[in-house]
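Chains as they are written, first to last, in this note's numbering: chain E, 1 to 110; chain D, 1 to 114.
Hints in this document: simulated from the structure, not taken from any laboratory. Being a predicted model, the structure only gives us computed values, none of them experimental. Yeah, the Cβ is synthetic: ideal placement off N, Cα and C, and Gly gets one too. One should not assume that every hint holds.
[Unchecked claim] Calculated Cβ distances over 10 Å to all of chain E for the following chain D residues:
#1 Leu-11
#2 Thr-16
#3 Ile-56
#4 Phe-64
#5 His-77
#6 Pro-83
#7 Glu-84
#8 Leu-90
#9 Leu-103
#10 Ser-107
#11 Gly-108
#12 Gln-110
[Stated by the list, open to error] Computed list of lysine to aspartate or glutamate pairs in EDC-like fashion (alpha-carbon distance at most 20 Å, straight line):
#13 Lys-41(D) to Asp-85(D)
#14 Lys-38(D) to Glu-5(E)
#15 Lys-40(D) to Glu-56(E)
[Said to hold, decoys possible] A partial selection of chain E residues facing chain D, derived with a Cβ cut-off under 8 Å:
#16 Lys-45
#17 Leu-46
#18 Leu-47
#19 Arg-59
#20 Trp-100
#21 Gly-101
#22 Leu-102
What follows is the residue order along each chain.
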Amino acid sequence: RKEVEQDPGPFNVPEGATVAFNCTYSNSASQSFFWYRQDCRKEPKLLMSVYSSGNEDGRFTAQLNRASQYISLLIRDSKLSDSATYLCVVFAGNNRKLIWGLGTSLAVNP
Amino acid sequence: DTEVTQTPKHLVMGMTNKKSLKCEQHMGHRAMYWYKQKAKKPPELMFVYSYEKLSINESVPSRFSPECPNSSLLNLHLHALQPEDSALYLCASSFRIALNEKLFFGSGTQLSVL
């Protein structure tokens, strides 16, 4: 089993749609969780950290389920500019490294 | 608008060349990273410097040689690379290596080895 798993997609959705991505992780000692966004041929940029109680930033909501070892990202009212690859990233304190998922590709269509 | 600056943006080199990639940040971050990224793959960690000391080396071949001259600068020296080393090389920094530290990436150097 991969340490961090994501559905690679692609997800093709119309503008205004709501879309959700899930990510599972295998190391129960994982302590910090992040969603990064990467546009084609650009560097990854932090979208949001994921907190135990769940957190929201505008149209984006992140949730963490420690019992089932997954995190999710919900995007409401999708915009064309949301088209990108969304990378799930997990920090496991025992090896002090970030573990990256393969990413989920999102295309928002007019 | 990134606060981590990488040069050059593009580099083409032959297998016998020696070149260097440079990275600079002035955010006072004490952890700096080199990542390698192939198309449609996530970034792959190569090296981590913490307080200017090499903290993590992910078994990277010796043809890649990192250097951290001071807390703001990170170099990656390249020598006798192979065509399969062609990739996007990303520098990143964070305040330190710790639980909730966020990485700030530079825009990368697209490297082609002929």
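Hints and how they fare:
1. Leu-11: holds (15 Å)
2. Thr-16: Holds, since 28 Å exceeds 10 Å.
3. Ile-56: Its Cβ does come within 10 Å of chain E, the nearest being 7 Å, so this is violated.
4. Phe-64: holds (18 Å)
5. His-77: Non-interface label stands for His-77(D): nearest chain E Cβ at 21 Å, farther than 10 Å.
6. Pro-83: holds (20 Å)
7. Glu-84: At roughly 19 Å from the nearest Cβ of chain E, Glu-84(D) sits farther out than 10 Å, so the non-interface label holds.
8. Leu-90: Contrary to the label, Leu-90(D) does not stay out of reach of chain E, its closest Cβ about 6 Å off (not over 10 Å).
9. Leu-103: violated (7 Å)
10. Ser-107: Non-interface label on Ser-107(D) violated, nearest chain E Cβ at 5 Å vs cutoff 10 Å.
11. Gly-108: At roughly 5 Å from the nearest Cβ of chain E, Gly-108(D) sits no farther out than 10 Å, so the non-interface label is violated.
12. Gln-110: Violated, because the least Cβ-Cβ distance between Gln-110(D) and chain E comes to about 8 Å, which does not exceed 10 Å.
13. Lys-41(D) to Asp-85(D): holds (14 Å)
14. Lys-38(D) to Glu-5(E): holds (18 Å)
15. Lys-40(D) to Glu-56(E): violated (28 Å)
16. Lys-45: holds (7 Å)
17. Leu-46: Hint holds; Leu-46(E) Cβ to chain D Cβ min 5 Å, cut 8 Å.
18. Leu-47: Result: violated, 10 Å to nearest chain D Cβ.
19. Arg-59: At 20 Å from the nearest chain D Cβ, Arg-59(E) fails the 8 Å test, so the hint is violated.
20. Trp-100: Hint on Trp-100(E): holds, closest Cβ of chain D at ~4 Å, below 8 Å.
21. Gly-101: Holds, about 6 Å.
22. Leu-102: Where the cut-off is 8 Å and the nearest Cβ of chain D is about 6 Å from Leu-102(E), the hint holds.
When each numbered hint is compared with the structure, violations occur for hints 3, 8, 9, 10, 11, 12, 15, 18, 19.
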